[in-house]
Structure formats: structure tokens, C-alpha cells
Amino acid sequence: MFYREAGDFKTSYRDDNQTFPIRLDRMGYYILMFVAFLVVPFFINDYWVNAVFVPFLIYAIAALGLNILTGYAGQVSLGTGGFMAVGAYACYKLMTGFPEVSIVIHILLAGGITAVVGVAFGLPSLRIKGFYLAVATLAAQFFLVWLFNKVPWFYNYSASGQITAPERSVFGVMVTGPNTEAWAKYMICLVFVVALAWVARNLTRGMMGRKWMGIRDMDIAAEIIGVNPLMAKMSAFAVSSFFVGIAGALFFSVYLGAAEASEAFGINKSFLILFMVIIGGLGSIFGSFAGAAFMVLMPVFLKNVLVGGLGWPTDLAAHFEFMIVGGLIVLFLIVEPHGLAQLWRLTKEKLRLWPFPH
Amino acid sequence: MKYTKLAAASVTALMVATPVLADLVFPSLSYRTGPYAAGGGPYADGFADYFTLVNERDGGIGGVMASVPECETAYNTEKGVECYEATKGLGALAYNPLSTGITYQLIPKVTADDIPLYTPGYGRTSAANGKVFSHVFNFPANYWHGASLAVNHLKDVSGGDLADKKIVLLYHNSAYGKEPIRTLEDLSEKHGFEFLTVPVDHPGQEQKAQWLQIRRERPDFVIMYGWGVMNQVAVQEAANIRFPMENMIGIWWSGGDHDVTPAGDAANGYKAVSFHGVGSDYPVFDDIQKYVVDAGKAAGNGDHIGKAIYNRGVYAAMLLAESARTAQEIHDTADITSSMMRDGMEALEITEERMAELGMPGFGPAFKVSCENHGGPGTGAIQQWDAAAGTWSLITDYGPSDMEIIQPLIEEDSAAYAAENKIEERCN
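First to last, the protein sequences are chains A and B. Sequence positions in the first sequence follow this note's numbering and run 1 to 358. Sequence positions in the second sequence follow this note's numbering and run 1001 to 1428.
Because the hints were derived from the structure by calculation, they are not lab data. Take the hints with a grain of salt, since some may be wrong.
As the list claims (entries may be wrong) - To give a feel for the contact side, a few chain A residues facing chain B, derived at Cβ under 7 Å: (1) 5; (2) 8; (3) 11; (4) 12; (5) 157; (6) 181; (7) 182; (8) 184; (9) 314; (10) 318; (11) 338; (12) 342.
Claimed, not checked - Lysine-lysine pairs mimicking DSSO-like chemistry, simulated, CA-CA at most 27 Å apart: (13) A:348 / A:10; (14) B:1088 / A:150; (15) B:1131 / B:1166; (16) B:1368 / A:150; (17) A:93 / B:1165; (18) B:1131 / B:1088; (19) B:1155 / B:1190; (20) B:1088 / B:1422; (21) B:1131 / B:1368; (22) A:150 / B:1290; (23) B:1165 / B:1155; (24) B:1155 / B:1166.
Please read these numbers as outputs of a predicted model, since none were measured by experiment. Even glycine gets a Cβ: it sits at the ideal position worked out from N, Cα and C.
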């Protein structure tokens, strides 16, 4: 009734293959883009941008990256935090080494460097699978963080091992450093998110994505029909790490401003992003966003309700937060093991028929 | 009926929680959860209790009530950023995040927002140079003073000569733990002792490998820069390899009561550096007991009074309250802004008489902050644990630290920061 596709005819394959074939979906998408680009920047303040929007957008990029590797290509990875650290430190070295080059280029290059590192750590995936691969990527996580702590060159020999983002601007507008306006921070992250989500969507529905899914579903069968497992797995690692690297670079330069490998990019980060992907839905672009939103917004929301709204002591609220978020994760996985994306899909199905189910 | 009651209760809770406007706001970015809660809890209690005392006993600072909204960071930098943004809008006068990682994040932010950042005994050491760091204050002592004070003491107990001695630094592998390395390297050159570093990764619950290494190296002394659960584990491990406790010396953050009690009698004789008094034999604690704890207004359950980390929270709150008073005097208004607060901190002068008036005679050094020096005098004493009595006691007088080594390092590090961020020197 509310959500219908009657009268929505397509006369070409091109139309039929578009990302949002249903008119209502398409309208929703355009409205969302309009609000995100032309409404939110005018109403955003420091709290909303630093506590809600920027972390959500950056984690969405990281979740997209991991979803390509784990959700589409079926390669489990626990090294996401380490790869984010590669992006962050690459960005830092580039920013301080070549201050005259635009930060956007640095962030893209940081993604490229992470892609190379990701491929190097992805090589074992040709021999080992499943849990064993997870352990190999776990080694990458610990090795990379240890490396950035151990070798002073990476943090420019600073006394404390911290890396600090210098001020950089895009088109004359500050995007890093303490004097950045809230909307500028938000916009640079939004532009990266929209561009990368568009790339991810188009990669995953094209030939490359089909190869990845072939490898995921049954690698031997995929090999027999002509998918080169080396190319498929390596490209999945490269693209995934590129996304994660960009997330790491933005996380350090735009969001935190100062970071330290073991604290900001530890094993917890790897698990957090893996949870986002699993809760959001494996093999789904929408799922990456839904998962990131759930894991970032839920704790902030609960904190504001429990401490700000009900006036509970902060420690009690923090403990309850853990319990509620944990409980919700378990609940979601029981009710819908395929994640929030599947829940959304089912809702749409139901809404098509509602209120006449027969 | 039940629901009406519940609704009424939540409405009351809402009204109580909403801070009254025009208070002097000192946000407490505390952590009462996670692996560092053992230190974060008592500190936050001390910080809040002192301001409650000022409100209850003196009717606020210069007639204006102080409020301490709390925000839980769990010692995590991301949550620290969120807490900073959440409390900034309340009219925060100064921040005291009790985390070196969060301090590094906040240094550029507070400077842009014109809010002072107060980091007593932690944070970025070179912020002591007020010429570069206009909004950061770390009086009365910092990490490098601590390292120097520890070495001075070790020199005294080795008969004035540290040559041919071997000293190990056991440190938390983070910005915090790495801070003293440069200073100790320079000190080892000056005094001729051999210097080794042994890092412990967050959170530090597992230190078998580190202590095996220490056992192999057979150092004469161990200096520890630990925090949270790492401290208790280190003291326990030291006891396990029978390392003589009096040869192990912690920085002030490794000198809490909860750090030594788990090891029981084995921890007897463990030492730590301190920049303020220990124990509860000061009139101010009787006042806290009377006006705050007995009135049921304590932040915690009131059992931390006189413990080392609680005392530090009280001390930090006292210095902030005095700074606010100074700011009120300078600007001749009771309702100060964060910018005025900064001026107050820069003009702060603590005298022996004022300390006695506040019920804390001899609790800390007398000092004066200036535009150039935001770091205070850097004096400190050594405290030692008596396991049988369950108390710390100061075993030395407040001594000076080696500014000959520290001052050039402060100049060098702050100059690098100024160059990186294109900051022009002030105070000229």
C-alpha cells in the first residue's frame, strides 16, 4: 500500500539495472542526498559533528571496506584496526613530508599505500582459509601496531610517540586542525563516503563483484568456471584495504587530530568494525551503513538518555550501556541472523503488501 | 499509581540533573569503568568532593556556586572527544581529563576554543613552556620532574654515585609512559648509569615476559611509569621474583593505595614519587568528612579520603578553585568566563599562609605561575609504603629536580611544536 511498485515500468535494461529500480526508493535516496548535502551542513554544531556524524561516516567507510573483503569475497579479516593505522600513519607522513600537496590527494595516497600493505598480508589467503586466515590477519593487526610503536620514523621522532595532524585546507577551507568549522569536517567526510559507496556499489554488482561472490560461495567451482582465485582474492584485499586506509586517514586527520597506534587502532577497533559488518549484514552496502550507525549511535544515545536524561551516575550508566548494547546485538542476531540489511529487506516486502496480506 | 510514581521520580531526577545556569563549571572527564578505573574513581571523587566542600562550607567561590558535571571517558580518546564537546556548551571554565592521550587531543582544541586545560603531573610535559602553550598548565610538577626526582633519590641511597648502576624503566607503552625516556637518557649520560627500557602494552595485566627480562638483566633499580591495573600486576610480579621493593620506585601515578594492597606484605617498602602530601592528617579532610561525606553529598562512598590518588584530586580541585578566585579578583567580577579563568591560572600564586588557611598546611609547594612558566617549581618528595600499617609516609623532604637537564628539553620539544603549528612565542 505505502510502498509499492505498481505502474513502475521499465523499457530498457539500463533502467532495470539501476541501483534503486523502485521509484519510491529512488525518491528516498534523492531526498537523503539533498538533506545530507544541503540541509545538515547549515544546522550542524561541534557536538553533533564530533560525537555523531563524523564517527558514523568514517566507520561507514571502514565497514564498507571490510564488507567487501568479508561479506562479498568471504575472506575473514581481523586486521582492520592495523590497516586503519597504516592509513593514518601514511597520511601523517605524507602531510608532514609534502605540506604543499592537497590533503585530499594525501588521503587517497594513504588509501593506496594501505592497499599495497593489505595485498602483502592477503597473500597467505591463497593457502589458508576460514579461521586460519582470521589468525593470519590477527597477526597483521599486532605486527602493524607494534611497528608503528617501535620505529620512531613513523611518528617523526616525537617524544611521546603521538602523531598530530597539522592544519590543512581544501579550496581555502580548513578541514584538519583545531580551527576547523563543524560543517567543513562533516562535508569532507560526506564527500568521501558518497564517492566510496558509489564505487563499492558499482564494483560489487559488476564482474569483479561476481568473481568475489563466486570465490565466497564455492572457490573450487568458481575456479572451474574460469575465475582466477589469485586475482579475485588479491583484488578483494586491495580494494578493501584501500577503503579501510582512507577511513584510517580520515579518522586520524579529520576526526581525532592526534592519535597513537596502540590506543586508537588496537584489536578493539578490528572487532568493532567486524561487529558492524555482521550486525549490518554481510554482503550489503546498506548493511555497512546500518551497522556503523548502530554501533556508533547506540552508545551515544544511551549515554545521553541515562546520564543526561535520567541523571544516573556515569559509571552505572556506562555499565548499563555495555549490557544494553550487548543484549541488543544478541537479540538482533537471534531474530535476524542476516543483519539489519535483511530486516530492512523484509520490512519492504511487508510494506508492499500491507495492509492486505493476501 | 505505580506509573505516576515512576513518572514523578524521573521528572525529579531530570530537574536535579539539570545544572543551574551561571555556575562556575569544572567538567570532570572521569573514568570509573575499564582497566584504569582503580585510579580514575578516587581522583574524580576527590575532585568533586573539594568543590562540594567549597559550596557547602564557603557558599561557592566568591559567592558563585561551583558545579562539576561528570562525563565517563573510560580512558578512551574517542569518548574523551565526545565528552569535551558535550560539556563545552555548559560554559566549562577548565578541563582536567586525567589522561595523557586525551590531553594531546585537547591541546589544540582548547587553544582554539579559549578554555584552559589543567594537567597536574601528567599530559604534555613541554606545555610547561607558557610562551608556546598559552592555554595549557601543568603546575606544580610534570613527568620529567618526576623522572629526575626519582633519579635524585636513587643517587642519595647509592651514596651519591650512580656510576656502574643499572636502572630499568618499566613503562606503559603509550604517550604517557614514553614521556620520561628522553629525560632519563640524558640523566644516564650525566650520572653514568646504564639505562634500559621495558615497555608494557595496554592494559598491562600480563607482565611475565617483562619481569623475566628484568630478572635476566639484574638491574639495581626499577623506575615504573604505570597506570591502572598495570601497577598492581607489576608490584605483584616484582614480589614474585623477589626483587627488593625498596629498589623499585614508581611515578606518582604508580603510587596509589590500591596499587600495593593486592600484593599484601610483599609490597612493604615500595616507593613512589609524590608532589603533594599523603595521609589524612590535614584539617581540610575533617571538613570534607563533616560537610560532604556526613551530609551524604560525597561523589563516591567516602572511603577514599586520605588515599594518595584521592588527595591528588582534592589538590587539583583546590588549585583550580584558587585560580578561579584569582581570576575573579583580576577581572573584578564573580561570574568569570573561561578566558578570564585562563588569566587567573596564569596569575596564580600559592603561599604557605594560603595553604594553611585552606586547611592544607604544607600539603604542596608554595609557587607562582607566570606567563613563561606554566609548569611550577617541579619539587617533590619520595613516599614509601608501610604494608603493616597500610599507609604511605614521606621519607624525604621536598627536593628540587634537575632543571639543568629538563629546561633544555622543554625548550626543544615546545619549539618543535611551535614550528609544526606555526605558533608565535608570547610573553615578549
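How the hints compare with the structure:
The restraint placing residue 5 of chain A at the interface with chain B is violated, with a minimum CB-CB distance near 42 Å, outside the 7 Å limit. Hint status for residue 8 of chain A: violated, given a least beta-carbon distance of 43 Å to chain B, over 7 Å. A cut of 7 Å between beta carbons decides the hint on residue 11 of chain A: the least distance to chain B is about 50 Å, and the hint is violated. For the restraint placing residue 12 of chain A at the interface with chain B, the shortest Cβ-Cβ distance is roughly 47 Å, beyond the 7 Å limit, so the hint is violated.
Hint status for residue 157 of chain A relative to chain B: violated, with the closest Cβ pair at about 9 Å, above 7 Å. At a threshold of 7 Å, the smallest CB-CB gap from residue 181 of chain A to chain B is about 11 Å, leaving the interface hint violated. The interface hint given for residue 182 of chain A is violated, since its Cβ lies 10 Å from the closest Cβ of chain B, which is over the 7 Å cut-off. Checking residue 184 of chain A against chain B: minimum C-beta separation of about 13 Å lies over 7 Å; hint violated.
Among the interface hints, the one on residue 314 of chain A holds; its C-beta lies about 4 Å from the nearest C-beta in chain B, closer than the 7 Å criterion. Given the 7 Å rule on beta carbons, the hint for residue 318 of chain A holds: about 5 Å separates it from the nearest Cβ of chain B. At about 29 Å, the closest approach between the beta carbon of residue 338 of chain A and any beta carbon in chain B exceeds 7 Å, and the interface hint on this residue is violated. For residue 342 of chain A, the interface hint is violated, since its Cβ never comes within 7 Å of a Cβ in chain B; the closest pair sits about 29 Å apart.
Distance restraint check for residue 348 of chain A and residue 10 of chain A: the Cα-Cα separation of roughly 20 Å lies within the 27 Å cut-off, and the hinted pair is therefore satisfied. The straight-line distance between the Cα atoms of residue 1088 of chain B and residue 150 of chain A is roughly 36 Å, outside the 27 Å bound, and the hint therefore fails. Distance restraint check for residue 1131 of chain B and residue 1166 of chain B: the Cα-Cα separation of roughly 37 Å exceeds the 27 Å cut-off, and the hinted pair is therefore not satisfied. For the hint linking residue 1368 of chain B to residue 150 of chain A, the alpha-carbon distance of about 39 Å lies beyond 27 Å, and the restraint is violated.
At most 27 Å may separate the alpha-carbon atoms for a hinted pair to count; residue 93 of chain A and residue 1165 of chain B exceed this at roughly 39 Å. Distance check on the hinted pair: residue 1131 of chain B and residue 1088 of chain B sit about 25 Å apart at the alpha-carbon level, within 27 Å; holds. Taking the CA atoms of residue 1155 of chain B and residue 1190 of chain B, the gap is about 12 Å. The hint holds against a cut of 27 Å. The hinted pair formed by residue 1088 of chain B and residue 1422 of chain B meets the criterion: a straight-line CA distance of about 26 Å does not exceed 27 Å.
Proposed proximity of residue 1131 of chain B and residue 1368 of chain B is supported: the alpha carbons are some 16 Å apart, at most 27 Å. Between the alpha carbons of residue 150 of chain A and residue 1290 of chain B the distance comes to roughly 51 Å, so the proposed pair goes past 27 Å and is violated. Using a Cα cut-off of 27 Å, the hinted pair residue 1165 of chain B and residue 1155 of chain B holds, with the two alpha carbons roughly 10 Å apart. The straight-line distance between the Cα atoms of residue 1155 of chain B and residue 1166 of chain B is roughly 12 Å, inside the 27 Å bound, and the hint therefore holds.
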